[in-house]
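In case you want the letters, here they are:
Number of protein chains: 2
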Amino acid sequence: MTASPGTVDEIDTPAVLIDLDRVERNIARAQQAADAAGVRLRPHIKTHKLPFFAQKQVEAGAVGITCQKIGEAEVMADAGLTDIFLPYNIVGRQKLDRLRALNDRVILAVTADSTATVEGLAGTFADTARQLKVLVECDTGGGRCGVQSGDEALALARRIDAAPGLVFGGLMTFPAPGKAVEAETWLAAARDLLAAHGLPCETVSSGGTPDMWRKPAQGVVTEYRPGTYIYMDRYQIAKGAATLEDCAATVLATVVSRPTPTRAILDAGSKALTADTLGLADYGELIGEPEARIVALSEEHGKVELLPESKLKVGDRVRVLPDHICPVINLYDQVYLVSGDRVVDILPVAARGRLS
Amino acid sequence: MTASPGTVDEIDTPAVLIDLDRVERNIARAQQAADAAGVRLRPHIKTHKLPFFAQKQVEAGAVGITCQKIGEAEVMADAGLTDIFLPYNIVGRQKLDRLRALNDRVILAVTADSTATVEGLAGTFADTARQLKVLVECDTGGGRCGVQSGDEALALARRIDAAPGLVFGGLMTFPAPGKAVEAETWLAAARDLLAAHGLPCETVSSGGTPDMWRKPAQGVVTEYRPGTYIYMDRYQIAKGAATLEDCAATVLATVVSRPTPTRAILDAGSKALTADTLGLADYGELIGEPEARIVALSEEHGKVELLPESKLKVGDRVRVLPDHICPVINLYDQVYLVSGDRVVDILPVAARGRLS
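Line by line, the protein sequences give chains X and C. In this text, residue positions in the first sequence follow the numbering used here: the first is 1, and each later residue adds one. In this text, residue positions in the second sequence follow the numbering used here: the first is 1, and each later residue adds one.
What the hints contain is simulated information worked out from the structure, not anything from laboratory work. Be a bit skeptical, because a hint or two may be false.
It does not matter which identical chain is used: a pair holds within one copy or between any two.
[Stated by the list, open to error] List of simulated lysine-lysine pairs, BS3-like, C-alpha gap at most 30 Å:
#1 Lys313 with Lys133
#2 Lys179 with Lys313
#3 Lys313 with Lys56
All chains, full assembly: derive it from the sequences and hints.
Shown next as structure tokens:
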């Protein structure tokens with residue numbers, strides 16, 4: 001960490017502020033919950049994209065980290081992270097070559113949900129000195145990627161197991177929100193089917209912050225990869241997974257216009273807050289202004305509806321709690337770590353914009 | 001431009017491809033339309049964020065460029081652009097200091113819609129050797145920033161005119177979509193009111209690509225600042241302002257999963273396409289796959305619904321036409337300029353992420 005004295009008052013807007021005390025509390029609480037549930041924690045770095053916090057998560061007891069793109073994993077490996085899970089179908093020559101290079105320097109695992117993906121991996125790693133671990137991705141109701149049945153999982157696990165350069169590593173899912181129980185039932189049946197055919201699952205991986213506090217049933221999930229818990233956001237509050245006091249990341253913005261008694265305009269629009277509401281009403285909320293509603297965003301303007309008695313005026317600086325913090329972080333080259341009103345450090349968002 | 005041989009086939013995904021031939025056609029057509037209408041063209045660079053294209057727009061006949069943030073204007077000034085309009089309320093010490101420095105090196109104009117904003121500008125430029133031009137922003141129905149009446153415009157213009165460091169430059173609006181006529185009526189009345197009080201408007205500035213092809217009525221608008229016309233997008237097609245053949249920017253993506261006969265997953269999610277649909281159904285469209293629908297995005301996955309007979313398979317590379325291209329461009333560190341399947345150049349998106 002480099003020295004960066006100063007206070008929040010000196011930061012130009014819009015800017016992301018990260019409350020370091022809350023981050024440390026969120027990291028510790030999630031680790032305790034995972035330990036109590038007997039589940040390994042493998043945090044997803046998509047939320048923060050910072051090697052600094054990835055290291056903190058590992059120091060707190062995480063077995064490793066989760067990345068979604070090879071580019072993110074490369075950044076984390078460069079920073080010294082050593083155990084990385086990439087729950088994604090890696091497809092195409094460029095990515096397969098990079099994956100092989102990455103596998104030579106960290107403990108790596110990926111997922112696959114099709115023969116086509118497994119064939120690409122098998123060909124790439126056929127002559128490797130270091131095998132690649134591959135888990136089968138399962139669609140347990142989320143409706144995204146994943147094999148559709150235990151039989152499909154078995155067929156794919158066999159194909160992985162038969163490839164000289166690959167090792168079958170288990171099952172992975174991203175459950176539909178609120179459907180963790182159904183996902184576990186699906187996974188337990190598939191795990192048992194595979195075990196009956198001589199393919200035990202070393203790892204069964206699930207994810208999603210909203211469901212992370214419930215005690216996993218059936219003992220099937222061995223690893224959990226939540227992301228958002230480190231910062232939390234308005235969506236997590238709506239889901240009952242966090243309180244406002246848990247939320248560590250806010251966007252500092254300035255009121256630049258008060259054209260009518262009931263309207264204010266912020267210098268934070270979709271380029272600072274994203275258009276991603278995860279289905280919530282409003283585009284985030286103004287902390288300490290419960291009657292104010294962020295009703296519309298254009299790229300550089302946030303439109304706020306106020307009660308006529310609001311005292312907000314041009315030049316006021318406000319903090320916005322985003323609906324979905326992960327894509328917001330991806331818009332910023334740097335974030336400000338703060339403790340109260342003191343700026344502790346300014347960190348580049350090293351894995352921002354790693355699209356491939 | 002640096003040499004960068006290669007073809008589209010060699011580009012890893014997701015990536016933004018810019019069809020250079022279409023860009024040049026779009027630039028020429030907009031300039032011709034502006035010339036024919038007797039309106040000065042001042043393109044908004046928010047869409048491309050590239051000095052290279054800003055220069056091309058000026059070479060084609062634009063009187064200058066429009067930027068929305070000081071950081072964007074600084075990038076453009078560094079690249080040699082000399083005439084910049086910043087239609088924004090510049091508020092706060094940090095920004096005002098930067099604005100003064102910028103005004104020393106380019107022909108600059110800004111907007112204001114409140115006494116508070118004008119006071120900040122007046123104080124900053126009180127002792128300047130080089131006055132700052134300030135236009136009054138008018139809310140002609142768009143419901144964002146802007147004074148609410150001609151009387152308010154007059155009062156603010158007088159305050160600007162009375163400040164030693166400022167010059168009153170005219171009126172500016174961002175009209176509500178499809179309400180260009182109403183905006184012009186509003187502006188004509190305000191212009192006449194100000195002229196009657198000895199404050200003629202050198203410039204009356206309007207914007208928005210969808211309405212740029214209609215002939216301005218009443219001769220009130222003297223400058224137009226469209227942005228999206230250089231690339232066009234699915235929204236502009238929906239508004240009748242473009243055809244698919246005008247659209248110059250697409251996102252190259254790879255099919256990474258075909259979990260069911262009617263579902264494909266792309267490696268382009270909201271981090272590659274944004275969640276910003278501008279109200280359209282679907283998150284962009286697959287070019288050449290009219291039956292396919294991009295029905296949902298998570299950060300790294302695009303979910304496509306297909307007809308069962310679709311031949312799309314894992315590994316196929318597709319081009320996605322985004323709904324709203326401007327925020328998409330802001331997600332990418334670089335774009336690929338192409339002519340047919342040949343990569344002509346790779347350009348850094350120099351003004352990406354300039355939030356303040």
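TODO: Measure nothing new, just compare the shortest in-copy and cross-copy C-alpha distances for Lys179 and Lys313 to 30 Å and report within, between, both or neither.
DONE: Classified as between: cross-chain Cα gap 29 Å, same-chain 45 Å, threshold 30 Å.
| task | Give the relationship of Lys313 and Lys56 under a CA distance limit of 30 Å: within one copy only, between copies only, both, or neither. | result | neither (40 Å within a copy, 40 Å between copies)
>> My question is about Lys313 and Lys133: at a cut-off of 30 Å on alpha-carbon distance, are they close within one copy, between copies, both, or neither?
In response: Answer is between; shortest inter-copy Cα gap is 24 Å, intra-copy 57 Å.
Figure legend: structure checked against the earlier numbered hints; the only hint not met is number 3.
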